Amino acid sequence: MATSLLDSITAGLKTWARVNSPWAIHFNSGSCNGCDIEILATLTPRYDLERFGIKLQGSPRHADVLICTGPVTRQAHDRLLRIYEQMPEPKFVVAVGSCALSGGVFEGLYNVIGGIDQVLPVDAYVPGCPPRPEAIIDGVAKLLASLSNPGPKLSTPASGAPAESAPAAEVAEEVV
Amino acid sequence: MSEIFALLIFPSGLFLLGLGMAYEWVDRKLLARFQNRIGPRWFQPLADNIKLLAKEEVVPDGVNRLLFIGLPVVALAGALTAALYVPAFGLPPAYSFPGDLIVTIYLLSLMTLCIGLAGANTISRFSLIGATRTLTQLFSYEAPFMLTMLGPAIVARTWQIGAINEFAGAGNWLLLTQPIGFIVALIGLMGKLEMPPFDAPEAETEIVAGALTEYSGRGLALFHLGKGVELVVGVTLIGAFYLGGIANPLEFLIKTGALMLFIVGVQALMARMRIEQTVGLWWRYGSLLVLAQLLLLLIWETIV
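In order, the protein sequence lines correspond to chains A and B. Just so it is clear: in the first sequence, position 30 is 30 by this note's numbering, and no numbers are missing. Just so it is clear: in the second sequence, position 157 is 157 by this note's numbering, and no numbers are missing.
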């Protein structure tokens with residue numbers, strides 16, 4: 001009884017800390033740079049993400065949230081997975097922009113695998129081409145809200161262990 | 001029993017960790033206000049550190065495991081031990097002996113040394129460059145910073161921090177008689193803490209996160225906490241030596257607050273310096289000016 005109370009208190013404390021201090025890292029897996037410019041605009045003093053505790057980190061080892069833009073190209077696929085695997089648990093992925101959601105206008109191209117959720121488990125989707133900074137903040141806020149009261153996970157990653165288990169060619173055919 | 005209380009809860013230990021996080025918040029909030037932002041909420045450093053402590057710690061390939069895990073602990077322990085000898089929060093030092101100033105200065109540089117070793121321990125190239133820059137910076141600011149601590153000690157004719165604090169509290173505002181020492185000490189403290197404009201060792205835009213690139217979770221949290229504690233110890237030392245002593249909590253808050261305003265002002269005002277500019281600033285100007293001032297002090301002390 002006493003241990004379960006202690007557990008619930010520490011679990012609550014951990015969730016509180018995670019919700020209030022999401023450090024982000026930004027990765028461009030083949031975007032046209034439109035979404036990246038919007039992400040940079042989100043980080044400017046005008047929107048001041050530091051009031052929510054959001055900080056852009058240089059190193060994936062320090063980050064909790066991976067903000068991805070653009071469709072996953074075959075060139076960026078391995079790098080994206082590598083960045084994701086360098087992040088310590090618990091980690092979350094936010095897909096920003098139409099292309100990151102589904103491949104967008106690049107869908108079906110010979111060098112494009114598809115949206116981010118073809119290779120990584122995505123926790124929040126932010127649509128738009130490009131999404132406004134307000135939309136990106138809203139997406140991150142929704143992700144944080146889902147941390148404090150977890151519901152069913154929305155995304156269905158390509159497989160539990162991404163990377164080599166699902167050859168890129170097959171994934172691309174599934175998308176088509 | 002009272003020793004354990006003094007070590008673990010007050011004035012060292014938990015209380016000092018809290019104070020360190022509070023000063024980190026003051027630093028970030030003031031910087032945000034200077035940049036016309038709203039800035040972080042008051043519990044932000046606490047949330048950051050709890051989150052980091054609860055995170056997975058990745059031990060990368062090619063590192064010495066013992067050093068990788070041990071160095072953050074040593075760094076934090078060094079900063080916390082240094083706090084025992086300074087009048088933190090305006091109370092007399094918890095421990096004191098003749099010559100504790102030297103020990104405190106060495107304990108304060110332990111942190112930088114640990115960060116340098118931590119960076120050199122990993123095989124990541126960003127860590128290595130960060131470690132090189134950290135140690136280069138250590139060798140440049142350490143001499144002038146030590147010389148600035150020497151000035152008040154010579155005037156007060158003691159090596160004991162508590163005694164220098166009392167000497168300064170007896171109406172001797174060394175800021176007026178040793179202005180160069182005061183400025184160099186503050187700038188040296190900023191270099192010690194790798195604050196902008198001296199943040200070349202952890203420049204995000206060039207070398208990812210410097211020496212701490214490979215650290216995640218617990219190790220990073222301990223280094224963060226250690227930096228907060230070192231900030232408190234540093235401003236306490238400078239406030240006690242140069243701003244007329246720190247005798248009670250109110251004086252502590254006012255004087256360290258004024259120092260924080262100055263430090264954050266410089267941070268907001270200046271762009272990052274390249275590493276050779278940093279070294280040049282301290283060796284060409286900082287050290288020489290402080291040495292000249294020290295010479296004058298020595299002559300004055302022998303005449304009077």
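Bear in mind the hints are in silico, worked out from the structure with no lab data behind them. Since the structure is predicted, the reported quantities are computational estimates derived from the model, not experimental observations. Treat the hints with caution; some may be incorrect.
[Stated by the list, open to error] Derived pair list, reagent style EDC-like, types lysine to aspartate or glutamate, alpha-carbon separation capped at 20 Å:
{"hint": "1", "chain 1": "A", "residue 1": "55", "chain 2": "B", "residue 2": "56"}
{"hint": "2", "chain 1": "A", "residue 1": "55", "chain 2": "B", "residue 2": "61"}
{"hint": "3", "chain 1": "A", "residue 1": "55", "chain 2": "B", "residue 2": "166"}
{"hint": "4", "chain 1": "A", "residue 1": "91", "chain 2": "B", "residue 2": "57"}
{"hint": "5", "chain 1": "B", "residue 1": "29", "chain 2": "A", "residue 2": "138"}
{"hint": "6", "chain 1": "A", "residue 1": "14", "chain 2": "B", "residue 2": "57"}
{"hint": "7", "chain 1": "A", "residue 1": "55", "chain 2": "B", "residue 2": "301"}
{"hint": "8", "chain 1": "A", "residue 1": "91", "chain 2": "B", "residue 2": "206"}
{"hint": "9", "chain 1": "A", "residue 1": "14", "chain 2": "B", "residue 2": "56"}
{"hint": "10", "chain 1": "A", "residue 1": "55", "chain 2": "B", "residue 2": "204"}
Checked hints:
Taking the CA atoms of residue 55 of chain A and residue 56 of chain B, the gap is near 19 Å; set against the 20 Å cutoff, the hint holds. Restraint check: the Cα-Cα separation between residue 55 of chain A and residue 61 of chain B comes to about 27 Å, which exceeds 20 Å; the hinted pair is violated. Our distance criterion of 20 Å between C-alpha atoms is broken by residue 55 of chain A and residue 166 of chain B, whose separation comes to about 42 Å. Distance restraint check for residue 91 of chain A and residue 57 of chain B: the Cα-Cα separation of roughly 13 Å lies within the 20 Å cut-off, and the hinted pair is therefore satisfied.
In summary, the hint linking residue 29 of chain B to residue 138 of chain A is not supported, as the alpha carbons are separated by about 23 Å, beyond the 20 Å threshold. A hinted pair counts as satisfied when its Cα atoms are at most 20 Å apart, and residue 14 of chain A with residue 57 of chain B qualifies at roughly 15 Å. Only pairs whose Cα atoms come within 20 Å are accepted, and residue 55 of chain A paired with residue 301 of chain B is rejected, the gap being roughly 51 Å. Taking the CA atoms of residue 91 of chain A and residue 206 of chain B, the gap is near 24 Å; set against the 20 Å cutoff, the hint is violated.
Straight-line distance between C-alpha atoms of residue 14 of chain A and residue 56 of chain B comes to about 12 Å, which keeps the hinted pair within the 20 Å bound. As the CA atoms of residue 55 of chain A and residue 204 of chain B are separated by approximately 12 Å, the hinted pair is consistent with the 20 Å bound.
Violated hints, listed in ascending order, are 2, 3, 5, 7, 8; each of the other numbered hints is respected by the structure.
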